[in-house]
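Participant: Between the sequences and the hints, there should be enough to build the whole structure, so can you do that?
Quick note on my numbering: the sequence shown kicks off at 1 and runs consecutively.
Keep in mind that the hints were calculated from the coordinates and are not lab data.
Be aware that a few hints might be false.
Cβ-Cβ distance ranges computed for the label pairs, FRET-style [said to hold, decoys possible]: (1) P222 - A289: 39 to 45 Å; (2) R130 - A17: 17 to 23 Å; (3) A283 - G16: 15 to 21 Å; (4) L206 - G123: 21 to 27 Å.
Quick reminder that beta carbons are idealized off the backbone N, C-alpha and C, glycines included.
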Amino acid sequence: MHTSATPFVPVRRHTGAGLWLLVVSGTLWGTGGLTGSLLGRHTGLAPVAVAGYRLAVGGTLIVTFLVLTGRRPPRGRAAWARIAVLGVLAALYQACYFGAVSLTSVSLATLVTIGAAPLLVLGVEAVTGRRRLDRRTTGTCALAVAGLLLVGLPAGDFGGLAVLGSASLALVSAAGFAAITLVGARPVAGLDELAGTGYGFTLGGLLLVPVAAGTVGLGFQPGAAALGLLVALGIGPTAVAYLCYFRGLRTVQPGTAALLVLLEPLVGAVLAALLLGDRLGPAGLLGAALLGTAVLRAARAPEARGRVDRAVPARAAGADRAS
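Facilitator: Written out as structure tokens, the structure is:
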């Protein structure tokens, strides 16, 4: 039997649009903390219940849109396997993050989760040979960690076991988000970002329902303010933000995308100062400046401003040029 290898040629894709999509996603995520906090105040829901509603509402809204526009559900084992992976990972990192919050504080959980996720993604890329860690990337990571420490260093006297448990859960949460980033960077035939996010997050929300119901409960008074906040949380920081993130991963390296997630604590700190009267203080302001610098360095890196080469079969490349 005669077999011949299909030649592969690089297809160059501009990363500018993907970069802006990632900026939008990080900015929207920064509004999630404020919206979720307001939802919790109005309803009395615990953080893990808010997380479950967030995933379920965001995913259901996307699925509803797909159904109303006549889109068929994904087909094929590979597509549904990816949906299952996204759902499990989303439920895992959301549950672990809010578990970390319950043991200590939002600031410590955010510090460890947001700080560790880019490092994990960059580490996997380096080990697998997909990226070389140069001095610029290392310096950007150092700025990011320093900025997070200054902005989110927790106040309060927590016991050693509580801090250890919270940090451990936050690291698992970071690993879950890092895995979503790496998995989402690899497309699957028959599954686009809209369907993957919608069905995956709906599944993730359903997985968190028994966790919340069996611990803190899911009931709340469905007033206009509560429902408005719930829908806002499901649309902006969830459905739109993750859709932009997964679509941005088409052309931007996962490590760079994970670094741009640093916009989340930066935007969150600014909104808290403007709307809730929080004050960062000199150290917090310096940390915000370092975070902003790290984001700018990540956005202006050569791999973010240039083009991305992806190997595809020569026939597909020819078809792409002809279209």
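Participant: Confirm or reject each hint.
Facilitator: Verification of the supplied hints:
A C-beta distance of roughly 42 Å is found between P222 and A289, which places it inside the suggested range of 39 to 45 Å. At about 21 Å, the CB distance of R130 to A17 agrees with the hint of 17 to 23 Å. For the hinted restraint 15 to 21 Å between A283 and G16, the CB-CB distance of approximately 35 Å leaves it violated. For the pair L206 and G123, the supplied restraint of 21 to 27 Å is violated, since their beta-carbon distance comes to about 32 Å.
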